[in-house]
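Novice: So you can see what is in the structure, the chains are spelled out below.
There are 4 protein chains.
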Amino acid sequence: MPLTPEQKAEIDRLRAERTPTRRATVPALEEILYEPIPVLDHGFIRVIDYMGDDAAVVQAARVSYGKGTKRVSEDRGLIEYLMRHRHTTPFEMCEIKYHVKLPIFVARQWIRHRTANVNEYSARYSILDNEFYIPAPDQLATQSSNNRQGRGEVLSGPEARRVLELLREDSERAYRGYVEMLNEDDSGAVLDAARQGLARELARMNLSLNFYTQWYWKTDLHNLLNFLSLRADSHAQYEIRVYAEAMIGTVDKWVPMTAAAFRQYRLGGAHLSERGLVAVRRLIAGETVTQEESGMSKREWAELMEVLGQKG
Amino acid sequence: MPLTPEQKAEIDRLRAERTPTRRATVPALEEILYEPIPVLDHGFIRVIDYMGDDAAVVQAARVSYGKGTKRVSEDRGLIEYLMRHRHTTPFEMCEIKYHVKLPIFVARQWIRHRTANVNEYSARYSILDNEFYIPAPDQLATQSSNNRQGRGEVLSGPEARRVLELLREDSERAYRGYVEMLNEDDSGAVLDAARQGLARELARMNLSLNFYTQWYWKTDLHNLLNFLSLRADSHAQYEIRVYAEAMIGTVDKWVPMTAAAFRQYRLGGAHLSERGLVAVRRLIAGETVTQEESGMSKREWAELMEVLGQKG
Amino acid sequence: MPLTPEQKAEIDRLRAERTPTRRATVPALEEILYEPIPVLDHGFIRVIDYMGDDAAVVQAARVSYGKGTKRVSEDRGLIEYLMRHRHTTPFEMCEIKYHVKLPIFVARQWIRHRTANVNEYSARYSILDNEFYIPAPDQLATQSSNNRQGRGEVLSGPEARRVLELLREDSERAYRGYVEMLNEDDSGAVLDAARQGLARELARMNLSLNFYTQWYWKTDLHNLLNFLSLRADSHAQYEIRVYAEAMIGTVDKWVPMTAAAFRQYRLGGAHLSERGLVAVRRLIAGETVTQEESGMSKREWAELMEVLGQKG
Amino acid sequence: MPLTPEQKAEIDRLRAERTPTRRATVPALEEILYEPIPVLDHGFIRVIDYMGDDAAVVQAARVSYGKGTKRVSEDRGLIEYLMRHRHTTPFEMCEIKYHVKLPIFVARQWIRHRTANVNEYSARYSILDNEFYIPAPDQLATQSSNNRQGRGEVLSGPEARRVLELLREDSERAYRGYVEMLNEDDSGAVLDAARQGLARELARMNLSLNFYTQWYWKTDLHNLLNFLSLRADSHAQYEIRVYAEAMIGTVDKWVPMTAAAFRQYRLGGAHLSERGLVAVRRLIAGETVTQEESGMSKREWAELMEVLGQKG
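Protein sequence lines, in the order shown, are assigned to chains A, B, C and D.
Numbered according to my numbering, the first sequence terminates at residue 315, and the numbering increases by one at each position without gaps.
Numbered according to my numbering, the second sequence terminates at residue 315, and the numbering increases by one at each position without gaps.
Numbered according to my numbering, the third sequence terminates at residue 315, and the numbering increases by one at each position without gaps.
Numbered according to my numbering, the fourth sequence terminates at residue 315, and the numbering increases by one at each position without gaps.
In case anyone wonders, no lab produced these hints; they're calculated from the structure.
No distinction is drawn between identical chains; accordingly, a pair holds when it is met within one copy or between any pair of copies.
No farther apart than 30 Å at their CA atoms in a straight line, the calculated lysine-lysine pairs in the DSS-like style are these:
id: 1; residue 1: K73; residue 2: K256
id: 2; residue 1: K70; residue 2: K256
id: 3; residue 1: K70; residue 2: K11
Work the whole structure out from these sequences, hints included.
Specialist: Here you go:
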């Protein structure tokens, strides 16, 4: 995450200013406002702005004239109740805006979450930096043998070295081709006065999916939690999961009661099917239940046993 | 807009507090934060929270590390450019939250704008106040003769008096029935200990569409401007238009450059059809153009002549 | 649900026509296409159009050139997998359109689901029919004592009779006032040539929330299932639940595999919290667990016991 | 657009089947259903399914029990009225589903339209084909000198040849690296039994943005027209514009009245600002107006003159 001195100075300038406001403020989030939090080898997230706090959830649920909050225990109880019973609209009353730097293939997964506002750095308009993602050695992995869209064991030895070398060489070559076609480097200097240069919107197509892009991304708390529950999940690709985990850290600072309820009722919980419930009731009654008689597939049964902390 | 002393006190408490923040603040909007702005006989809007300012639009368009703003004239030029060319995403980076009190029939039109977050006062849970909308005498109007969904001339004399009397009597009677069925008044006092009272979710169906409800309504600047361009339009029903106009006043305080561009390119402009453009080009060339040869319907032609300030 | 002879004839005309198509068709749904299914005393739902079937879900998940389906058991397995793991986008590839007649207070709950397309009968433009909802006697209920937004026991005797009488009288009176102000009845006949009549957009405000409105409502299968899981739930108000139940019947005909997976994994299942999972694991291990040591509130504990079929 | 014989056979099978339906059908669209329409060097669009027709727009606007259509001229007039006055909801009642094959950099622009349903071919799960976009020689262009995000004149001679060579070489090399890391080719054959192969979700990052992906994309008619008006515009990048143009051809077959109104009121029309209207009124009155006194920037003035067919 190499910020230029100019970028650092801009951030510092913003952080130095404080203005009085009548709006709800969250000191713990103010503390990290504008600060980049590193993710992967060149990426980051940083909180740029926010609206509301835990009390704003309570205030909206009560459609109140003032803060709407009562005792801390009552507020916490209401937030837990809303989370448990899928009363999602009060959580939509808080909003957060991030600046994110991320590899393009991660951006392609991320953008599938449609209930957000996005402004992406335009490669039609500007020249992309020479920054690309190379996985850390412990993140190189084989195709999973039991999950058709996941990773298996870590790749090592000469095969791993060759992968890293190949990724790096091809990325560097892609950027060289990009710059050559543009006839301009990322400082804007013309390379060869005898050439005209290719339009940016065309030249960019030579870059590979591990190049970094960046965007402003803004969403409400309810949709953010949906995003996080899907992307912080163990089935999500590692390269997006680390972004989700960094963002959960910012949610903890921003709305601690909501974040706790989210862990309790979403991240830490589990959904049982009708057949799963039947099996659980029988297990509690001390009966033995087998996969065969459960009516579940082997995979589904294995998932249930894992949730219940049983050996399949 | 009769706030109770408790409500007033709650608002005053909120307004009295000021906290330092690193976020963008807009002093002109802070000035009116939480204050109810009266609309119709018992309604209001009040700004409860906001995120961003004109500079946040510029910052998002540039995906910048700092404020992203340059000279005032450049920022204004960029905002005008974005508005003119329908580059809408930077305007989505600002967000505002209102508390609105409005008649149910207005709420029914308003809710059709789907890209917003809403928390409405629940009549399943709470008892509605005895407040209903009665039009001011100059707002009583006949059905329009040339617009099947609008108003014509003002109604006056005995017919107008009868309408006002009838609306008032029926509303009062509806509320009496509501309270009788609930067996409870809006202070929660039981009316007749021998009766059990009807569930709130059922009793409310006796209220008419002019009763007031209230909600928290939050949206981004782009979608707000869309809402305002439709609802501040002369074709919108008067009772929702006055809300839109009050809200435009708050947008002027919040994002003055964007508000000016909105007036210039949206509210004050006009969309010409292909046939309309042909007619305009011919008119500029000094030719005479008639409705018949324009290919337009009479109504469309009349609309064009009005836009051009010509007599049809 | 009194259709006029003209409406019946229109529906019969549509039902009589059959055209060949290359699109996916579902004979069981074609069977009931356009037919109104009665709900409440004057309401209905009817399926007006649909796109896709169970195979379209499979086809989209596989991004296939042809149907994408394989053996029935494989297709069912894939649909169950998608439902279980919240892979929701393939279900968005099916679409359905309903014509619904419903009381206004039900419409006000329904419209809160924003990811749908709606065209409502306009009372600015047309005159509403004299049809209002009166609950069946077994649906009159007191306010619930343990759930602040639900119903308790059935109301009976003189209090129930009085409620029904009051609802009916006030509704009839509201409609009389409406017609008098319009100076026009629902056939369009002018009542008193000496009067001008009030604009429709104003007169409608005299009607109460139990009057019927109607709309075209269109949504995709994923969002429909979300709607149904919330509105067919026992916490939903009875008057919207009966619509949801009638719609589930149409989903059974339309996409039987998806409907079965929906019952298995959504309607018939349950979500456990982190604390709930801990308790379940201990119960399976034969331990005794009490509410106090579970860390749950009394209400949450009672909900868990109910899900597990245990006595609290 | 090299379809494999298996893909062709699948499409032919689907096209051969015809089933009777009670739904609205559009023979002209049925004619091309499932057929790929070539776009760029390897891409295509094909219509997979549709719901509704011009009559469905009319039917929804009238909330009718039957077709709701009257005489052709009345229906056309209503559709034009709806288009002119931005009554968008009736157009949302028609839905269409496409299968699209497109370069990844085009997909990244396309996906920014959020009101659509998408299922994309998963490169976590499957291996991408060795197909990449190489611009036709007449589409190689320099950066525009007056539009910072567009193309200028066509590039030719040795510089153009070098660009094509470089794009092709780098793409081929990227695919070789992809296959080597996977240790598997696109037929699934293992290359080297001594290696394990990298997970697909990682290997894909070596591919460049001109590689083709494919998806199912479904949207309603209103949002489709929005997409088309932005992407068929002369400011849109050529590589997405050709997709939009091919899609407009399918809209012409599907809903000819709506398509004509769209050309008349959206594509062929123009939006004038408040200052633009003032200038037009003065020009019609025979006055001379200059850019300086118009209050417009040079660029805005040039845009107006172009719309009016005047020389600046």
